[in-house]
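Undergrad: Sequence:
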Amino acid sequence: YGKEFIEKDYGESYEIYTAYGACFLANRKLVNKLGLFDPEYFAYFEETDFSHRVWLSGHKVKIYTKAVIYHKGAKTAQKLPSSFIQYHSFKNRLFTYLKNFGLVNIYKIFVPHLFICEVSSVLYLAMRRPGYTLAIQKAILWNIIKVGKLLRERRKVQEEIRKVRDA
1314 YGKEFIEKDY
1324 GESYEIYTAY
1334 GACFLANRKL
1344 VNKLGLFDPE
1354 YFAYFEETDF
1364 SHRVWLSGHK
1374 VKIYTKAVIY
1384 HKGAKTAQKL
1394 PSSFIQYHSF
1404 KNRLFTYLKN
1414 FGLVNIYKIF
1424 VPHLFICEVS
1434 SVLYLAMRRP
1444 GYTLAIQKAI
1454 LWNIIKVGKL
1464 LRERRKVQEE
1474 IRKVRDA
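Every number in the numbering used here is 1313 more than the matching position in the sequence shown, counting from 1.
Hints are computed from structural coordinates only; laboratory data are not their basis.
Values in this document were obtained by computation on a predicted structure and should not be read as measured data.
Beta carbons are placed, not taken as given, at the ideal position from N, Cα and C, and that holds for glycine.
Heads up, some of the hints might be wrong.
What the hints assert, rightly or not - Pair ranges (Cβ atoms, derived):
#	residue 1	residue 2	range
1	1480	1334	20 to 26 Å
2	1325	1442	42 to 48 Å
3	1325	1422	19 to 25 Å
4	1435	1392	26 to 32 Å
5	1397	1428	31 to 37 Å
6	1336	1429	28 to 34 Å
What the hints assert, rightly or not - Below, in silico cross-link-like pairs of lysine-lysine (BS3-like), each with a Cα-Cα straight-line distance of 27 Å or less:
#	residue 1	residue 2
7	1451	1462
8	1462	1346
9	1373	1342
10	1373	1469
11	1346	1459
12	1469	1451
13	1459	1421
14	1451	1342
15	1373	1476
16	1476	1462
17	1462	1342
18	1392	1451
19	1375	1476
20	1346	1469
21	1451	1421
22	1342	1469
23	1469	1375
24	1388	1451
25	1373	1421
26	1388	1375
27	1462	1421
28	1375	1342
29	1459	1469
30	1379	1342
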């Protein structure tokens, strides 16, 4: 709160991969074209999903270094169980990757990421944190259950929104 975000002078603005949900502005026409946040996400990774669609549509995401934002972060998250946060974070990240990535990056990024999720799940169990293990497994199951929605959303992104290849 009140902390300087930018310590180095990068000029007035520069490109970033994702805007953060605490404060960002988006062009109305772009929002109407791309959609904003997936209502099933609840929280965590929704701004990354939106930013990724912005990039895929051929537009840029930028940070304006002169902007001042006052935000008491994590007020909602402080009240939530960490396994709840883990569940939504994993669930939304997996869905976003499958929806937005091209096939090459699904194999290069998503498949290894899913493997890491499973390894993390086992490690959490070994560390006696079964809530985290359950959260990861529930996140994977949610994505399997939502495969119909995923395929519809993926088709929209890949056929209607995408103008550029993955980086």
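Undergrad: It remains to establish, for every hint, whether it holds in the given structure.
TA: Verification of the supplied hints:
Remark: the range hint 20 to 26 Å for residue 1480 to residue 1334 is upheld by a beta-carbon distance near 22 Å. Our hint of 42 to 48 Å for residue 1325 and residue 1442 holds, since their Cβ atoms are close to 44 Å apart. The given range of 19 to 25 Å is broken by residue 1325 and residue 1422, whose C-beta atoms sit roughly 32 Å from each other. The supplied range of 26 to 32 Å is met by residue 1435 and residue 1392, whose beta-carbon atoms lie about 29 Å from each other.
Separation of residue 1397 from residue 1428 is about 24 Å and departs from the stated range, judged on CB atoms against 31 to 37 Å. For residue 1336 and residue 1429, the Cβ-Cβ distance of about 30 Å falls inside the hinted range of 28 to 34 Å, so the restraint holds. With a C-alpha separation of about 17 Å, the suggested pairing of residue 1451 with residue 1462 holds against the 27 Å cut-off. The hinted pair formed by residue 1462 and residue 1346 meets the criterion: a straight-line CA distance of about 18 Å does not exceed 27 Å.
Proposed proximity of residue 1373 and residue 1342 is supported: the alpha carbons are some 14 Å apart, at most 27 Å. Restraint check for residue 1373 and residue 1469: the C-alpha separation of about 20 Å stays at or below 27 Å, so the hint holds. Of the supplied pair hints, the one linking residue 1346 and residue 1459 holds, its CA atoms being roughly 23 Å apart against a limit of 27 Å. Restraint check for residue 1469 and residue 1451: the C-alpha separation of about 26 Å stays at or below 27 Å, so the hint holds.
Annotation: proposed proximity of residue 1459 to residue 1421 holds, straight-line Cα distance about 23 Å (limit 27 Å). About 36 Å separates the Cα atoms of residue 1451 and residue 1342, which puts this hinted pair outside 27 Å; it is violated. Note on residue 1373 and residue 1476: the hinted pairing holds, with a Cα-Cα distance of about 12 Å set against a maximum of 27 Å. A hinted pair counts as satisfied when its Cα atoms are at most 27 Å apart, and residue 1476 with residue 1462 qualifies at roughly 22 Å.
Note on residue 1462 and residue 1342: the hinted pairing holds, with a Cα-Cα distance of about 24 Å set against a maximum of 27 Å. Between residue 1392 and residue 1451 the CA atoms are separated by roughly 21 Å; this keeps the pair inside 27 Å, and the hint holds. Straight-line distance between C-alpha atoms of residue 1375 and residue 1476 comes to about 18 Å, which keeps the hinted pair within the 27 Å bound. The straight-line distance between the Cα atoms of residue 1346 and residue 1469 is roughly 11 Å, inside the 27 Å bound, and the hint therefore holds.
Between residue 1451 and residue 1421, the direct Cα distance comes to roughly 23 Å. Compliance with the 27 Å bound is thereby established for this hinted pair. Our distance criterion of 27 Å between C-alpha atoms is met by residue 1342 and residue 1469, whose separation comes to about 17 Å. Distance hint between residue 1469 and residue 1375 is fulfilled; the C-alpha atoms sit about 24 Å from each other, no more than 27 Å. A threshold of 27 Å between alpha carbons decides the hint, and for residue 1388 with residue 1451 the separation of about 25 Å falls inside it, so the pair holds.
The straight-line distance between the Cα atoms of residue 1373 and residue 1421 is roughly 23 Å, inside the 27 Å bound, and the hint therefore holds. In summary, the hint linking residue 1388 to residue 1375 is supported, as the alpha carbons are separated by about 26 Å, within the 27 Å threshold. A distance of roughly 23 Å separates the Cα atoms of residue 1462 and residue 1421; the hinted pair therefore holds under the 27 Å criterion. Using a Cα cut-off of 27 Å, the hinted pair residue 1375 and residue 1342 holds, with the two alpha carbons roughly 17 Å apart.
For the suggested pair residue 1459 and residue 1469, the alpha carbons sit about 16 Å apart, so the restraint of at most 27 Å is met. At roughly 25 Å between alpha-carbon atoms, residue 1379 and residue 1342 fall within 27 Å of each other, so this suggested pair holds.
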